[in-house]
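In this text, residue positions in the sequence shown follow the numbering used here: the first is 1, and each later residue adds one.
Among the hints, erroneous ones may be present.
[Said to hold, decoys possible] Pairs of lysine to any residue, SDA-like flavour, derived with a Cα cap of 20 Å:
#1 K37 to R103
#2 K37 to E178
#3 K37 to D117
#4 K37 to A145
#5 K37 to A47
#6 K37 to V27
#7 K37 to A23
#8 K37 to Q107
#9 K37 to G136
#10 K37 to G175
#11 K37 to G209
#12 K37 to L73
#13 K37 to P194
#14 K37 to L169
#15 K37 to T177
#16 K37 to F123
#17 K37 to L90
#18 K37 to P176
#19 K37 to T197
#20 K37 to P239
#21 K37 to S52
#22 K37 to L51
#23 K37 to G99
#24 K37 to F174
#25 K37 to R26
#26 K37 to V122
#27 K37 to A24
#28 K37 to V104
#29 K37 to L82
#30 K37 to R180
#31 K37 to C166
#32 K37 to R25
#33 K37 to G113
#34 K37 to P110
#35 K37 to G172
#36 K37 to P48
#37 K37 to S170
#38 K37 to A144
The hints are simulated quantities; they were obtained by calculation from the structure and are not laboratory data.
Please read all numbers here as calculations on a predicted model, not as lab measurements.
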Amino acid sequence: MNSQAMATNRQAMTNGNAAEFRAARRVNRALTAATEKRVLEWMAERAPAWLSSDQLTLLGLGAQIGAGVFYALARLNRYALLGVIVCIVLNWLGDSMDGTLARVRRQQRPRYGFYVDHMVDVFGVTALMAGLGCSGLLHWQTAAAMLVAFLLLAAESYLATYTLGCFELSQGLFGPTEIRVLLIVGNVALLRSPYATVFGHTLLLFDLGGIIAVVSMFVLAIAIGIRHTTELYRQEPLP
Numbered sequence: 001m002n003s004q005a006m007a008t009n010r011q012a013m014t015n016g017n018a019a020e021f022r023a024a025r026r027v028n029r030a031l032t033a034a035t036e037k038r039v040l041e042w043m044a045e046r047a048p049a050w051l052s053s054d055q056l057t058l059l060g061l062g063a064q065i066g067a068g069v070f071y072a073l074a075r076l077n078r079y080a081l082l083g084v085i086v087c088i089v090l091n092w093l094g095d096s097m098d099g100t101l102a103r104v105r106r107q108q109r110p111r112y113g114f115y116v117d118h119m120v121d122v123f124g125v126t127a128l129m130a131g132l133g134c135s136g137l138l139h140w141q142t143a144a145a146m147l148v149a150f151l152l153l154a155a156e157s158y159l160a161t162y163t164l165g166c167f168e169l170s171q172g173l174f175g176p177t178e179i180r181v182l183l184i185v186g187n188v189a190l191l192r193s194p195y196a197t198v199f200g201h202t203l204l205l206f207d208l209g210g211i212i213a214v215v216s217m218f219v220l221a222i223a224i225g226i227r228h229t230t231e232l233y234r235q236e237p238l239p
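I would like the entire structure built from these sequences, with the hints used as guidance.
Pasting the structure below:
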């Protein structure tokens with residue numbers, strides 16, 4: 001088989017795979033979802049022609065890594081938290097805008113976009129938690145537990161997307177944007193004091209928030225896992 005025939009065969013296989021792929025239905029019921037969608041579409045329609053969705057994805061990843069670096073630097077100077085806040089905003093712009101820009105310009109790449117976007121999330125969150133663990137603003141065990149809980153919840157979400165054809169961007173009224181807002185509020189509070197008092201006991205503010213986040217994510221992963229398992233069993237019961 002000559003090279004031209006081989007290239008044609010590879011292209012046909014690629015086209016066949018793309019034709020078989022079904023993009024999952026996206027569901028976002030978060031508090032800010034409707035307003036955020038309108039804002040992102042408005043921005044995408046006015047974005048400069050040289051800006052691409054891939055550049056925005058890289059911006060989101062770079063900003064999340066930058067947030068981890070600034071968290072680590074906050075061990076030396078608490079005002080590095082201002083850099084974290086800037087990076088969180090840039091991460092929102094890159095992570096939320098890349099898919100919107102592709103849809104507005106009709107340049108969707110469903111398989112590529114889904115894979116790259118979520119690999120970026122995994123690497124980005126790992127960098128963020130590593131920075132938090134080095135920050136001295138919480139114990140590294142709390143940061144490690146948050147990373148494990150996130151990866152568990154993310155794995156459930158990706159498996160559900162594949163098996164149920166539905167990608168849930170939010171859990172209840174909370175989605176990625178709401179989490180970013182809470183993180184920004186937490187950083188502002190840290191600039192005032194890194195401690196919190198609960199029932200007469202003083203502990204690190206981010207330890208308290210991290211423990212609440214870990215418990216919430218584990219409970220969510222278990223509850224959603226049971227719900228999706230039940231749904232799949234109803235669709236594919238034993239004979």
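Evaluation of the provided hints:
1. K37 to R103: holds (12 Å)
2. K37 to E178: Holds. K37 to E178 sits at ~14 Å (cutoff 20 Å).
3. K37 to D117: OK: K37 and D117 at ~18 Å, within 20 Å.
4. K37 to A145: violated (32 Å)
5. K37 to A47: Holds, at roughly 15 Å.
6. K37 to V27: holds (12 Å)
7. K37 to A23: holds (19 Å)
8. K37 to Q107: holds (18 Å)
9. K37 to G136: violated (36 Å)
10. K37 to G175: Holds, at roughly 13 Å.
11. K37 to G209: violated (28 Å)
12. K37 to L73: Not satisfied, since the Cα-Cα distance of roughly 34 Å exceeds 20 Å.
13. K37 to P194: The hint is violated at about 34 Å.
14. K37 to L169: Distance ~13 Å between K37 and L169 Cα, so the pair holds.
15. K37 to T177: This hinted pair holds, its Cα atoms lying about 11 Å apart.
16. K37 to F123: With Cα atoms ~25 Å apart, K37 and F123 exceed 20 Å; violated.
17. K37 to L90: holds (17 Å)
18. K37 to P176: This hinted pair holds, its Cα atoms lying about 13 Å apart.
19. K37 to T197: violated (38 Å)
20. K37 to P239: Measuring from Cα to Cα gives roughly 44 Å; hence the hint is violated.
21. K37 to S52: Between K37 and S52 the Cα gap is close to 18 Å, so the pair holds against 20 Å.
22. K37 to L51: holds (19 Å)
23. K37 to G99: Holds: K37 and G99 sit about 11 Å apart, inside 20 Å.
24. K37 to F174: Answer holds: K37 to F174 is near 15 Å, not above 20 Å.
25. K37 to R26: holds (13 Å)
26. K37 to V122: Outside the cut-off at roughly 23 Å; violated.
27. K37 to A24: With Cα atoms ~18 Å apart, K37 and A24 stay inside 20 Å; holds.
28. K37 to V104: Between K37 and V104 the Cα gap is close to 12 Å, so the pair holds against 20 Å.
29. K37 to L82: Violated, at about 27 Å.
30. K37 to R180: holds (16 Å)
31. K37 to C166: This hinted pair holds, its Cα atoms lying about 18 Å apart.
32. K37 to R25: With a Cα-Cα distance of about 16 Å, the restraint between K37 and R25 holds, given a limit of 20 Å.
33. K37 to G113: Satisfied, since the Cα-Cα distance of roughly 18 Å is no more than 20 Å.
34. K37 to P110: holds (19 Å)
35. K37 to G172: Holds, at about 17 Å.
36. K37 to P48: With Cα atoms ~19 Å apart, K37 and P48 stay inside 20 Å; holds.
37. K37 to S170: holds (14 Å)
38. K37 to A144: violated (32 Å)
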